[in-house]
Amino acid sequence: MKSKLLAAIGLVAVTAAALTGCSPAAESAKKADCTNKIVNKDATQVSVWAWYPAFEDVVDLFNENHDDVQICWTNAGQGNDEYTKFSTAIEAGSGAPDVIMLESEVLSSFSIRKALVDLTGFGADDVKADYTEGAWKDVSSGDAVYAIPVDGGPMGMLYRKDILDQYKIPVPTTWDEFATAAQALKDAGAPGVLADFPTNGRAYNQALYAQAGSVPFAYDNAKPTEIGIDVNDAGSKKVLSYWDDLVKKGLVATDDAFTADYNTKLVDGSYAIYVAAAWGPGYLGGLSDADSSAVWQAAPVPQWDAANPVQINWGGSTFAVTSQSKNQEAAATVAKEVFGTEEAWKIGIEKAALFPLWKPILDSDYFRDLEYPFFGGQQINKDVFLAAASGYTGFTFSPFQNYAYDQLTEEQYAMVQGEKSSDQALDDLQASLEKYATDQGFVLQ
Amino acid sequence: MTVFSQRTADLSDHHTTGIPVHEVRGPQRPGRRTGRRRIGSHVFLVILGIYFIIPIWWLFVAATKSNSGLFTSPAFWFDGDFALFQNVAGLFTHEGGIYWTWLGNSFLYAFSGGIGATILSILAGYGFAKYRFRGRGAVFTIILGSVMVPLTALVIPTFMLLSQYGLINTAWAVILPSLLSPFGVYLMRVYTQDAVPDEMLEAARIDGAGEIRTFFTVALPLLKPAIVTVLLLSVVGTWNNFFLPLAVLTDPGLLPVTVGLNRWTALSNAGAGGEQVWNLITSGSFISVLPLILSFLFLQRYWQGGLSLGSIK
Amino acid sequence: MTTSTAVAAPGSARTSAHRPQRRGAGLEVKRQRWGWLFVTPFIVVFLLFLVFPLFYAFGMSLFTSTLATGTQFTGAGNYVKAFTDPLFLEGLLRVAGFAVVMIPLQLIVALAAALVLDTLTSWLSKLSRLFIFAPYAIPVVIGALMWSFLYSPRFGPASSVFGLFGLDTPNFLASDTVFGALVNIVTWQWAGYYMVVIYAALRSIDPSIYEAARIDGANGWQTATRIKVPMISSSMVMVITFALIGTLQFFTEPVVLRNIAQGAIDAAYTPNMYAFSLAFSYSQFNYASAIAFSLGILVFGGSFIFLFLTRKQSGLK
Chain A
1 MKSKLLAAIG LVAVTAAALT GCSPAAESAK KADCTNKIVN KDATQVSVWA WYPAFEDVVD
61 LFNENHDDVQ ICWTNAGQGN DEYTKFSTAI EAGSGAPDVI MLESEVLSSF SIRKALVDLT
121 GFGADDVKAD YTEGAWKDVS SGDAVYAIPV DGGPMGMLYR KDILDQYKIP VPTTWDEFAT
181 AAQALKDAGA PGVLADFPTN GRAYNQALYA QAGSVPFAYD NAKPTEIGID VNDAGSKKVL
241 SYWDDLVKKG LVATDDAFTA DYNTKLVDGS YAIYVAAAWG PGYLGGLSDA DSSAVWQAAP
301 VPQWDAANPV QINWGGSTFA VTSQSKNQEA AATVAKEVFG TEEAWKIGIE KAALFPLWKP
361 ILDSDYFRDL EYPFFGGQQI NKDVFLAAAS GYTGFTFSPF QNYAYDQLTE EQYAMVQGEK
421 SSDQALDDLQ ASLEKYATDQ GFVLQ
Chain B
1001 MTVFSQRTAD LSDHHTTGIP VHEVRGPQRP GRRTGRRRIG SHVFLVILGI YFIIPIWWLF
1061 VAATKSNSGL FTSPAFWFDG DFALFQNVAG LFTHEGGIYW TWLGNSFLYA FSGGIGATIL
1121 SILAGYGFAK YRFRGRGAVF TIILGSVMVP LTALVIPTFM LLSQYGLINT AWAVILPSLL
1181 SPFGVYLMRV YTQDAVPDEM LEAARIDGAG EIRTFFTVAL PLLKPAIVTV LLLSVVGTWN
1241 NFFLPLAVLT DPGLLPVTVG LNRWTALSNA GAGGEQVWNL ITSGSFISVL PLILSFLFLQ
1301 RYWQGGLSLG SIK
Chain C
2001 MTTSTAVAAP GSARTSAHRP QRRGAGLEVK RQRWGWLFVT PFIVVFLLFL VFPLFYAFGM
2061 SLFTSTLATG TQFTGAGNYV KAFTDPLFLE GLLRVAGFAV VMIPLQLIVA LAAALVLDTL
2121 TSWLSKLSRL FIFAPYAIPV VIGALMWSFL YSPRFGPASS VFGLFGLDTP NFLASDTVFG
2181 ALVNIVTWQW AGYYMVVIYA ALRSIDPSIY EAARIDGANG WQTATRIKVP MISSSMVMVI
2241 TFALIGTLQF FTEPVVLRNI AQGAIDAAYT PNMYAFSLAF SYSQFNYASA IAFSLGILVF
2301 GGSFIFLFLT RKQSGLK
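Chains as they are written, first to last, in this note's numbering: chain A, 1 to 445; chain B, 1001 to 1313; chain C, 2001 to 2317.
The hints are simulated quantities; they were obtained by calculation from the structure and are not laboratory data.
As the structure is a computational prediction, the values presented were derived from the model and not from experiment.
Mixed in with the good hints there might be a few duds.
What the hints assert, rightly or not - Not close to chain B: a few residues of chain C, all C-beta gaps over 12 Å, as computed:
id, residue
1, K2030
2, T2066
3, V2080
4, F2083
5, L2087
6, E2090
7, R2094
8, F2149
9, F2165
10, N2171
11, D2176
12, G2192
Unchecked claim - Partial chain B-side listing against chain C, Cβ under 8 Å, derived:
id, residue
13, A1075
14, F1078
15, L1292
Here a beta-carbon is modelled for each residue, glycine too, at the ideal position from N, C-alpha and C.
Work the whole structure out from these sequences, hints included.
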């Protein structure tokens, strides 16, 4: 028995040695190097955190074309994982990179902690003209600019043409038609529903409210102790009661978004319509082989008033310079220029299905005429998303957006559970956010 | 269950003060029941066994499916398309085969952290058991009490400490905190007290051996069974570690496999710019649980003996 | 390091006075200093990675920092706030509920399996034992991730199983069922480990005791409940203590499940999750420290009371 044990231990040890032999952690315990290659070793290095896998090629491109600055890229985790790490680094006073990818919705949450550098002193205005007004507003607070936009999420509606055709349902262009379509689909005995109303939609839910005129927060970094909160306005209430009605009638699902379950349902026909952002097609594309018979098309997002369409945005990322950066000038150069070439954007568009906010590519024929095989060759940018992007006017997020979203999720969940009415849910949300803001030392406007 | 997932701490102690015991009973023990009773017992065990193994069966089946197969085929049976080998090949090519680096890191952290923690535990356990120095009781009590503090509170200070010495985002950031195993110290103390007679130490000293030689030649050989148990628990504890590496490591090339797979999950659920690699997640998870399951299988007699250490007075 | 006042250690009844008097007391004292040398490497790590962070975090908990205004010293203010904070109190109540349901359940499963295994020697029983123990080899994060797939109406077996009987598939992750879903994960993950510990203790009982019981006419059930269980009570107490500490600090499993059930599991579902959300989602590090310490105090109190009440069974004096 003893020899058997020894043999087993030996085997484990050999395997361990073989495996650790190929691990960089084993080679040296010193600070790890960049994921990418540094082309010009004498140049200033700027550390960047970003999570898009396709970013690798963009970095290589940047490094090849810059003699004075080089990017040292690390994937520090997606979204919240990265923010947690960044937040820890801010609190600890060290450990943050020079440049960090952040979604525009969290910029205020970090700038209020003085973690981001105002880029107006580093030539942000030079590139302002390269972005739409809405995109620029998303990265600004008052006169300050806290990041350079990368990609956006102008919203449209992706639908299963095969399903709508099968049940002879016209493509809805307004929310009224959308509700009618939902009813018609159910009456026709379809196995799925028209769409999903995820209570954890966060930015998605907020965008739907914004379409009806909701301006939930008023905040300017120049007056960091003042905030305006208005989440229970008439517009928001109209939107939520609309969805509440559809939920109660069983016309839409209430599955949580961004779960493996939801992903499947998006592609297997459980939902006939996916009200989506411009990055949605890329998201669907990764799952598309689940149902080969599906026929997808894109259309503009439904409107409340067809005569006065309102365009909305869901998500989008930016590059910000952290205040821990030792070389903010070089860092700002990276933030401004990394996605400032057509080649970089072709990688972003073709490999990561990003929707560019950089005007030279946004306005190019290439992007406008791009055909998407997933949509049977439809030119979705021309048909849907370019108009959505240019019509978007920007949004102001709160400096405690994570808390606001968590509360929104709780209230909406309580509503779909039948615990409270839609109006009550939003009134309660207003009250809890006001209390939170007061506790955090803000003066309510 | 704690934040730093110090499994060694929370699984902890089933070993009260007591005498080390050995398997005293052979397979033919008196008092066994026969007949119908056994059928009932077996049925009960089989049902329990199925309950405990079926999620692992699921993981195995899922590891053999392609990305779309995962979403379309029955949960507990194979898809027509047996994609295990494609998945494994995928693990070698996706992001330059970083999965195997993660697995290697897990081994490195588990063995260096586990072995280090065991060494510290042996020394400290021996010190506490065999020397009556001042402050012994108080220090020992504090060490035991430390298990109670939820480690959520320690993330920021630990991060600051490590970053002070430039250790953030290095292998040391995971290995050094893993050296701490209060439960290992406790177990070694209890075991040493009973397994190493004072008289033997005394005799060695009379023969002129110094304290260090006494420890190595007299005490250490007697402690073998406890050493293996502590080693096993610390290695498993570090292997399963999740929140510590999550907090202190950034570089993808340094992550252990738990954090790495979690990262792929986040990326697969991400909206913009993400990618769906569910098949790699399931096959990667399956491969990552194999080493521990297999070593438990092959080392069965050994750990079962070890766990009985001092479990009864 | 060799200073500090003399504290009589429990178990140090045999003082140097009772020891062989061959050497002088000076030599004895010198030798006892070696104790510190053996303990020092561990103590260094302990001070660095536990005591220092602990003190630092405690210091943090005495300050209040808000987003809009700066940081100021508030002493026990955060603690007063914590113990009147409904989110913290609800979380405490919830983990208390988990403790009441989960610990007995795990213990019953582990004990029943161990008792049955103790009477069998077949290959089937050995295989079952391995199966029951297998989940221990799976990292908690991966285990919870696997269960989140199994709970899913799409991937999981539930829809086909319930479909067989023509029933609707229950939603395991609704607000009223998620409690049971979590209990199930934890039981699955840990019961096997506890089973092995209890089994090991059972195997070390001297079999002649059973022989005596059999002669006295005890049946299997009586042997199990009257002889075996009392004899392994010290192992049981320790299993419960650590299950208790783990449950009060409940964290990983609900965090993983929250990814797929954000409505049913809110950010403050357990006190530990609340502390984590406060720190890393809401940037309230000071208050988060206070919550974590408050929880630590309660865990300490709870385990202390439990160990005190069971001091007879556990053999701890």
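Exercise. Just pull the numbers of the violated hints for me, sorted ascending.
Key: 1, 8, 12 and 14
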